[in-house]
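Chemist: Chains as they are written, first to last, in the numbering used here: chain A, 217 to 1254; chain V, 1210 to 1510.
Quick caveat, the hints were computed from the structure, so don't treat them as lab data. As the structure is a prediction and not an experimental result, all values here were calculated from the model. One or more hints might be untrue.
A few chain V residues that don't get close to chain A, going by computed Cβ distances all over 10 angstroms [stated by the list, open to error]:
| hint | residue |
| --- | --- |
| 1 | R1267 |
| 2 | H1272 |
| 3 | L1354 |
| 4 | P1410 |
| 5 | G1503 |
What the simulated footprint calls covered on chain A by chain V, stretch by stretch (three residues with Cβ under 8 angstroms from a Cβ of chain V suffice, anywhere in the stretch; the number is not a length) [stated by the list, open to error]:
| hint | stretch |
| --- | --- |
| 6 | 676-685 |
| 7 | 1136-1149 |
Each residue gets a CB set at the ideal place from its N, CA and C atoms; glycine is no exception.
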Amino acid sequence: MNALYLIAIGLGTAFLLGLLNEQRRDLAYTLTLGALTMMSAISASWLVVFVATGAGAVDIFTAGTRPPFAINLRMGLTEATLTLLINLTGLFAAIHMGEVLLAKGRRAMAVLLIAIMALCGIVLTRDIFNLFVFFELIVIATGGLVLLSDDEHAVSAGFKYLIVSQFISILLLIGIIFGYHATGTLNIDGMAAIGAGGFALAFFLIFIAIVAELKPFPANGWALDIYESAHPGFSAVFSAATGSAALFALDKILAIGGPAWYPVATAIGIVTFVGANLLALPQTNDRRLLGYSSIAQTGLILTVIGQQDILGNQYLFIAGGLLFAHAVAKAGLFWLSDFVAQRELTAWASLKERPLLVFAFVTFAAMLSGLPPFPGFYAKWELVHALAAADRLALLGWILFGALVEAGYLFRWFGYLIKRESDEKVACTAPQVIPVAAAVLAGWALGFVWGDLSGRSNLLLVLPLLFALGFLLIEWAPAWAKNLLAIGGLSFYLLQTWQDYDPLRLIFLVIFTLGGAIIFLASFHAHGRRIGFYPSAMLMFAGLVLLIQATDSFGFFAAWELLTVGSYFLILRGKESEPHALSYIVFSLGGAFLILTAFALANAVSPAPTFEIAALATLAQPVAPWVFLLLALGFMTKTAAIGLHIWLPGAHAEAETDVSPMVSGILLKAGLYGLFVLLMSMGRQSLYGVDLVNMLLWIGALTALLGNLMAIFQEDAKRLLAYSSIGQMGYALFGLALMNHLGWLMALMFVINHYVYKSMLFLSVGGVAKRTGTRAMYRMGGLITLMPLSFIATLIGIIAMSGVPPLSGFGGRWIFYNAIMDAETRLPMVLIFLSGPIAFLYLFRLIHTIFLGQLKDEHRRIKEAPASIVLPQMIYVAILMGVALFPGLILRRVDAYISQFLPDGALNWDGLTITSQYGWWNPVAIMIVVACIFLLIFGWLLFVNRKAQKVKQFNIVFSAERPYRPETTHFAWNFFAPYKKAMGFLVQPFVTRFWGAVTDLLHTAGDLGRRLYNGNGQIYAFHFLAFVVVVFAFKAGL
Amino acid sequence: MDFDWMKIPYAFLTVFIVVNYGFLMGALIQKIGARAGRRHGIPIWQYYLDVIKNYGLRSSITHGVMFYLGPVFRLSGGVGLLLFMPVIYGSYMFSNFSFAGDLILALYFVFFGTLGMALGAGESGHPHAAIGVTRGLQQVSMAELPFAMAVFSVALQYQTLSMTDIVAAQQGGLANWTLFTNPIAVAAAMLAFLGSMMRPPFDVFIAPQEIPIGPPTEYHSSYLALMQTNRAIFPVAKIVIYMNLFFGGAGSWPELFVKVFFLYLFSAFVGVCFPRFRVEQSVRFFLVWGVPLGILSIMVV
């Protein structure tokens, strides 16, 4: 159907509405919906034709003559897609605002139709004056639609908008007049053929006017009020459709200006993106925040438009991906905001009663943050690669910084939604929900399309991810059924794929799958449906197995993001975990961006459509060390190396009982896996004469020391374990960075051991916390007789972790000593030597203050932890014993595998004795000797002391009194006070203060920016004027 | 080196010799300490009397399983440590069970008894037990550091983790002892030695002259006897490590008796000369004096 009908139907129906009786509102509304449906159908039919046939753009001539004597419209693939977006946004906005439109009558509907029609016109027209006309229509229609709102600020907002818009219109008109004077044509293509060289100032006016329509930072105060005060149904149009049309208009007129104007567009774009995101950071009003975010996203797309010279045929893919992700998500969020009664961000907590609405929010937030599998993710990937290839690294840095800030406030908001309390009820009708549902569907569909177009693996066709997403569809099922399915899925995956991997990857895979399945046994304790848990957990596991599976950088990065997002949702489930989950996601995404940049840099120097991970080995100076550094930093955010660790204690401690072992025992290994891959492929690198591997060695040692040291001062059992994980990861990092055979073997042993004993301890402590209702160790005590199995698990766990023979931890220490004999540097060992005994301190504290000492009155009736939580612990005990006796079962294969990379220093596994170049170790003999001695002495004691009777709790004498209150007798609080006096200076929260200062700085910057927007229309006009002057100066090269 | 059934009787013999030697030497040292304080001191056979008496007492008290097992862990730790080491250099039979592991096994097995004891005492519910354990752990965590570094230094020096090889390398004269070939490491290790021998100035965690603090508080009768037996074995076993690493090892039992005695006397000597440190003071002491020496020993070796 002729594209002109888009204009004709919109305009015609608007006029027709004017002829209707004011009382026939239903009819008017039906007509409006019909018109918008028709318009959408026309766009859709064009889109189908272009996609199916691959045909080129079609010009539509009006007035029966060709340009420049008449106006022409152009319908191509881009135009069809954009008009479809605009019309659908209009249609769903009309559905969403049904009640309001019916209440306001046909005039309101006519204005909406005019707005949508004009937006289509902006997209279609190739005539610059016609463009001006459509923009004028938009201004008028927008002014009218803003007044639909009941918000008290709407009138003043609309008025300010009109003032500044007129200002803009004047500039545009003057620009057009002089442009016409210079070129003799109003046709955009005609002007483009001539070029803007002859009328640079006039073009500047046109350019700046269209840019102003994008509401660039900081000249956008007038537009922000619209977002805040207009009806959200319309704000969605304003954000999604108007923004898209204006961006396309700018793209069109840049054809006139040519590449000389690209840097200007880029500069405005990036300043807007970063500035608006910073300003959004301190916002507490939801719609205003969405307004800032809209402006930021528009800025990002403007940046992409400015970079089209380097994007080549990826330009539309990238710009489109970002644009659609933004438009769909933002429209969806605006519509969602209508269901929330209050305008505070925290008021969104009322949505949490409706899982489907939460899912909608998650979809939109993930789309905006550029997370997989949505279009923004693919676009971000290509954009970053193109920028790196063109060596535009500063711009790349700013884009990623802005994106991180944006993800920060979006996920903070999501945290409010999930964790805050709200008394309000969600009030929504079916017509209001339909647009939201449509946006969600569109989001996922676009994800599929972009995955398909990307030429890379379409994430929505990847089985593990589909399996995880499948859990969304069976959320109605009881938790135990889903749990069975999860365990089955993980085990099945392992059975199906284990033969495909080398021993090293296989170990990680077994921990990720079988390890996950064992922890899932503990999840049987949960009753009900446990909504949200399984999709999140399985998303994390999908990411983990995909990480092992990945051979190219894209697959690796996508897996990394998936596991990050999944684990974030998991962590957020904890009762008090809101701030910790936020800091986790911000650090993780920051780390992910570093990884992304590293891959992009690597791909830039060895161009290939897909960059194989193995090709990291081929990188040379000068880029190799930078890639190494960025990747190492990225992975170290996941292993919580010191300085990047502050997210971990809260995230692991506040998580649910079965989530803590997942994120500690399993998830941390993803970072170690990354480091393994990095060091195996890139080896030693040095930057400005600094040996980077040596730096990792120091970081590892320091992390081990400080992690352990912080652990001993914790009063919270789970926090203690969390800090201990930091220390343990430090050990593993240290082992890797030794860059010798045994160092790697030791790191791998830590991977296995840490999974087993940390999962076991977290479950054990989690079970205790569940029964006692507290995690503070000083409030527990004497639980050994009431929870004997948990005690045994903890006992075995701490013996294994401390490295005392005969359990498996000793193997790790033995390999460590052999490894450092070969090391090139010696000083970092000092830190490791110190951290070893410190581990004893916190381990003793853990077991003593919980299980030994005095039982509290309120705990006298508690029972052993639920069987489902105890069962996996007992499995771990068995595994620990097995690994302790026969470490060779696993390690000898890995030992052989590592020999491919580092042939020197392999162990000899003949017989039961494991021999190195320096010493030997026979686990079975140790076990037998220790057991014999122990049993002999035990037997002797039983013989001489066979009548021993157990006495009651207070049968002790303490300061010449017999105590009667456990609280005053249980020595547990501030357990290592002298150590704090002596070594406390090492655990001052410098790092926390540093990151606190960084976030404060960002918030303060955002707050300062808000002072610009004082609500005064004249000031806003002045902003705009200043903006024009600054841009002019920038263009003129001042 | 490998297992041999005949090693089992020899292991018993080793333990028997060391227990008797430990009783006598302990009493002698205590007597020397008393004389330095112008007191008469205990009879030389006092430890035998104590142990026999305590084994003879019939206890009827336990606070629970871990309490019961605590002294078992403790003594197993001492005996195990002794038997995992080649006690007499060049003797096949008195190398005992050292085929099970090298120097590292000995270093880590030291903690086996400590850990078990700490847990057992903890179950008594007596706060003094826990206070004593925490004080001991805190002090030892820093006191062990110079020793660990000295061990690393010595292992680097001789390029082996085998205690027998380290002793072998020191044969052929006094000048070959690590004491003279690597004096800095020995100096660091001897500071650590002071910290681990439960004598002043580093004995606040047992604090025998003040309120009785620490695991022995709640133990009595045969439990205490097991611990006393261990008090005879464990210091000797520990000193054997020092002797092997730094002082040329021992080729025969008399040589071992002499070397162990003088090493033990060293800690007693320092003990009678200096007053007691609080825990944080001893932690700082080792941090300021022991650790730099240890670092130096690693760097210069």
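Chemist: Against this structure, judge whether each hint is valid.
Modeler: Checked hints:
1. R1267: Non-interface label fails for R1267(V): nearest chain A Cβ at 7 angstroms, not farther than 10 angstroms.
2. H1272: For H1272(V), whose nearest Cβ neighbour in chain A is about 6 angstroms away, the distance does not exceed 10 angstroms, so it is violated.
3. L1354: violated (5 angstroms)
4. P1410: holds (15 angstroms)
5. G1503: The claim breaks: G1503(V) does not keep its Cβ more than 10 angstroms from every Cβ of chain A (closest is about 7 angstroms).
6. 676-685: violated (count 0)
7. 1136-1149: It holds, with 8 qualifying residues against the three required.
When held up to the earlier numbered hints, the structure conflicts with 1, 2, 3, 5, 6 and fits the remainder.
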